[in-house]
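**Q** Those sequence lines, one after another, are chains S, R, A, Z, P and Y.
Under the working numbering, the first residue of the first sequence carries the number 181, and numbering increases by one thereafter.
Under the working numbering, the first residue of the second sequence carries the number 181, and numbering increases by one thereafter.
Under the working numbering, the first residue of the third sequence carries the number 181, and numbering increases by one thereafter.
Under the working numbering, the first residue of the fourth sequence carries the number 181, and numbering increases by one thereafter.
Under the working numbering, the first residue of the fifth sequence carries the number 181, and numbering increases by one thereafter.
Under the working numbering, the first residue of the sixth sequence carries the number 181, and numbering increases by one thereafter.
Rather than coming from a laboratory, the hints here were simulated on the basis of the structure.
Treat the hints loosely; a few may be bogus.
When chains are identical, the list treats them as one kind, so a pair holds in a single copy or across two.
Calculated lysine to aspartate or glutamate pairs in the DMTMM-like style (CA-CA distance at most 20 Å, straight line) [what the hints assert, rightly or not]:
| no. | residue 1 | residue 2 |
| --- | --- | --- |
| 1 | Lys229 | Glu274 |
| 2 | Lys203 | Asp301 |
| 3 | Lys203 | Asp273 |
| 4 | Lys203 | Glu299 |
Number of protein chains: 6
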Amino acid sequence: MIEYAQASDEVRAVYDDILATRKTDYINNFWKALAAHPPTLRRTWETLKSIMEPGALDPLTKEMIYLAVSVTNGCGYCTASHTAAARGRGMTDEMHGELMAVVGMANETNRLADGFRVEVDERYR
Amino acid sequence: MIEYAQASDEVRAVYDDILATRKTDYINNFWKALAAHPPTLRRTWETLKSIMEPGALDPLTKEMIYLAVSVTNGCGYCTASHTAAARGRGMTDEMHGELMAVVGMANETNRLADGFRVEVDERYR
Amino acid sequence: MIEYAQASDEVRAVYDDILATRKTDYINNFWKALAAHPPTLRRTWETLKSIMEPGALDPLTKEMIYLAVSVTNGCGYCTASHTAAARGRGMTDEMHGELMAVVGMANETNRLADGFRVEVDERYR
Amino acid sequence: MIEYAQASDEVRAVYDDILATRKTDYINNFWKALAAHPPTLRRTWETLKSIMEPGALDPLTKEMIYLAVSVTNGCGYCTASHTAAARGRGMTDEMHGELMAVVGMANETNRLADGFRVEVDERYR
Amino acid sequence: MIEYAQASDEVRAVYDDILATRKTDYINNFWKALAAHPPTLRRTWETLKSIMEPGALDPLTKEMIYLAVSVTNGCGYCTASHTAAARGRGMTDEMHGELMAVVGMANETNRLADGFRVEVDERYR
Amino acid sequence: MIEYAQASDEVRAVYDDILATRKTDYINNFWKALAAHPPTLRRTWETLKSIMEPGALDPLTKEMIYLAVSVTNGCGYCTASHTAAARGRGMTDEMHGELMAVVGMANETNRLADGFRVEVDERYR
Numbered sequence: 181m182i183e184y185a186q187a188s189d190e191v192r193a194v195y196d197d198i199l200a201t202r203k204t205d206y207i208n209n210f211w212k213a214l215a216a217h218p219p220t221l222r223r224t225w226e227t228l229k230s231i232m233e234p235g236a237l238d239p240l241t242k243e244m245i246y247l248a249v250s251v252t253n254g255c256g257y258c259t260a261s262h263t264a265a266a267r268g269r270g271m272t273d274e275m276h277g278e279l280m281a282v283v284g285m286a287n288e289t290n291r292l293a294d295g296f297r298v299e300v301d302e303r304y305r
Numbered sequence: 181m182i183e184y185a186q187a188s189d190e191v192r193a194v195y196d197d198i199l200a201t202r203k204t205d206y207i208n209n210f211w212k213a214l215a216a217h218p219p220t221l222r223r224t225w226e227t228l229k230s231i232m233e234p235g236a237l238d239p240l241t242k243e244m245i246y247l248a249v250s251v252t253n254g255c256g257y258c259t260a261s262h263t264a265a266a267r268g269r270g271m272t273d274e275m276h277g278e279l280m281a282v283v284g285m286a287n288e289t290n291r292l293a294d295g296f297r298v299e300v301d302e303r304y305r
Numbered sequence: 181m182i183e184y185a186q187a188s189d190e191v192r193a194v195y196d197d198i199l200a201t202r203k204t205d206y207i208n209n210f211w212k213a214l215a216a217h218p219p220t221l222r223r224t225w226e227t228l229k230s231i232m233e234p235g236a237l238d239p240l241t242k243e244m245i246y247l248a249v250s251v252t253n254g255c256g257y258c259t260a261s262h263t264a265a266a267r268g269r270g271m272t273d274e275m276h277g278e279l280m281a282v283v284g285m286a287n288e289t290n291r292l293a294d295g296f297r298v299e300v301d302e303r304y305r
Numbered sequence: 181m182i183e184y185a186q187a188s189d190e191v192r193a194v195y196d197d198i199l200a201t202r203k204t205d206y207i208n209n210f211w212k213a214l215a216a217h218p219p220t221l222r223r224t225w226e227t228l229k230s231i232m233e234p235g236a237l238d239p240l241t242k243e244m245i246y247l248a249v250s251v252t253n254g255c256g257y258c259t260a261s262h263t264a265a266a267r268g269r270g271m272t273d274e275m276h277g278e279l280m281a282v283v284g285m286a287n288e289t290n291r292l293a294d295g296f297r298v299e300v301d302e303r304y305r
Numbered sequence: 181m182i183e184y185a186q187a188s189d190e191v192r193a194v195y196d197d198i199l200a201t202r203k204t205d206y207i208n209n210f211w212k213a214l215a216a217h218p219p220t221l222r223r224t225w226e227t228l229k230s231i232m233e234p235g236a237l238d239p240l241t242k243e244m245i246y247l248a249v250s251v252t253n254g255c256g257y258c259t260a261s262h263t264a265a266a267r268g269r270g271m272t273d274e275m276h277g278e279l280m281a282v283v284g285m286a287n288e289t290n291r292l293a294d295g296f297r298v299e300v301d302e303r304y305r
Numbered sequence: 181m182i183e184y185a186q187a188s189d190e191v192r193a194v195y196d197d198i199l200a201t202r203k204t205d206y207i208n209n210f211w212k213a214l215a216a217h218p219p220t221l222r223r224t225w226e227t228l229k230s231i232m233e234p235g236a237l238d239p240l241t242k243e244m245i246y247l248a249v250s251v252t253n254g255c256g257y258c259t260a261s262h263t264a265a266a267r268g269r270g271m272t273d274e275m276h277g278e279l280m281a282v283v284g285m286a287n288e289t290n291r292l293a294d295g296f297r298v299e300v301d302e303r304y305r
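Okay, chain S solo, but in the shape it has when bound (with noise of 0.2 Å):
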């Protein structure tokens, strides 16, 4: 993991837009373990901070939309990241409950059309 006080110009660049943008003075583990590969660092970032500005869904969205997958995936720091990042736009208690029982019934219903090998409804081809 690279610090802020040990990090090259490239990466530094790349920690000052991460807490310019989303005004914090805390970079968290994730970016300073990509860090140990600048191109990826850069890239990853970038991408991200792209795809998560507000637009024609609005940043909760994209959070519990981003925390559905990292459960899905069985990531545990993405999952405790993204519950907290998911938490500081607003997601209450209640949401999170309803969230978390979404993904559930998700993963039980895939798994039950895959099992029952269910053929794609003609209307939703």
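Add chains R, A, Z, P and Y to chain S, keeping to what the hints say.
**A** Quick look at chains R, A, Z, P and Y alone, frame taken from chain S:
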């Protein structure tokens, strides 16, 4: 697949509830396949109906989360049917594009976090 | 896909063992595809034959476990072929329905456990 | 995590049913975590109780299928708790070893089938 | 799917870069589908182009790694297209067979490690 | 976990072969855990040894493919041990960074292909 006309009373009761709840005259293949095991049909429908009701999250947000999970699991049937359902609830092309961008990015960073073996930050524990 | 008539001696030896072990006259597509790389064909068949023999678990239980994994991985070929194999060993409609119900539920609670970031209980360590 | 002593009436009713059904005096962490969202707690417990009852499949077989799915999904909590549950229902070391062997092999051949892009045999459709 | 002739200027600029970079006259379906959301098309292509360039790893090795991931995720489209791409870069039948053998084995031992709940050795931390 | 000193003759024979083949004096935890079921230990070691031998692909390439799969499956133990193994065979920081970039990207585009429901091009069939 059990068609409406062939359905037992137990199965038909579920089909009727699907038709009434969704205000449609169409039973999609997923339910016709699950009807091979009536307790699973009934339980799955009742749980799904309850989870997808409006609550702290609106139905469109729930459908997009459902779709995010289905895509992440690579479930073809579920991706097709929940894309249709989300569009039916108002998902535009622009929203679909942003949803896919978030889903793709989350799948990428989930693997980067696991691959670089990133430890959870103290503040996210 | 390598058909029996075109098979090299090395491949044919495996095919003959499949036919004799399974008391069938049919080589399914999986083996014909693997025959493109004979060492993988031989190793896979020999390991599979050994693992699926009766032991502390009976062959039907093993087939149902195989099917549970295949459904969870969303492998269409494997779901189709192991559903057939389990039925051939005695899986009834009722058993299939209960198997799918357990597989679906396990996929749901797996995600709930990850999503709520549940710590392992002291007694399960 | 909601402890028994802090639980609301709604949550305590579920806890009491878990204790009575399982003839135990221990609520494991999974349920204490789900209690953060009582409707998800209640629904999950009721569905699980119903699915894991003896039926066409016996409870030990159901637990081993549950474990096979949990291992395949890489769910650490679920693997730990369902290994304990299966042992509690009579899974021996030998049965556990064979179960893991089948799970490992199924994961291997699932990928081989997908990687060699094997088409489903006519007879399995 | 957006064909070249129907493409907006923004989409056509990406298509032209794909054709020039790959020295081909063929746009494959993946890009035509992504063109439904031009920012995702452009970002995905630019990132992919940059990542797949020769670097510390040669392009064939990168393609085989891409294929290994695609097979593990059970992505049918990706397995088909990256098998073709790897063959185009020199992957022989023998290399393909060994690649699949490693992918299959890794999937098997991943589950065994999770199933036996193996703790990370001190020296690998 | 079965230590060398406690191992039965059957287990010790495998341990001795691991030590000799790898020219090391260290048995890692994976094998000590598998030793709980000696047939799985022996079969897994023998298959792994055979698959990871130099062939059409060199051992470092095989290790990186192994790592790509392990990261994609989110297997923490396997990611730690195969990162170490790949480094032992010559993987540099730069190669590791590029490997992770490809793995991340492949996971992203796998989901985009599934999410946009891209049909396989005629020429890739």
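**Q** If a hint holds in the structure, say so; if it doesn't, say that too.
**A** Hint-by-hint comparison with the structure:
For the homomeric pair Lys229 and Glu274, the shortest alpha-carbon distance between copies (18 Å) is at most 20 Å, but the shortest distance inside one copy (27 Å) is not. For a Cα distance limit of 20 Å, the shortest separation of Lys203 from Asp301 across copies, 18 Å, qualifies, whereas the shortest one inside one copy, 48 Å, does not. For a Cα distance limit of 20 Å, the shortest separation of Lys203 from Asp273 qualifies neither inside one copy, at 25 Å, nor across copies, at 31 Å. In this assembly of identical chains, the alpha carbons of Lys203 and Glu299 never lie at most 20 Å apart, being 48 Å within a copy and 23 Å across copies at closest.
Checked against the numbered hints above, the structure violates hints 3, 4; every other hint is satisfied.
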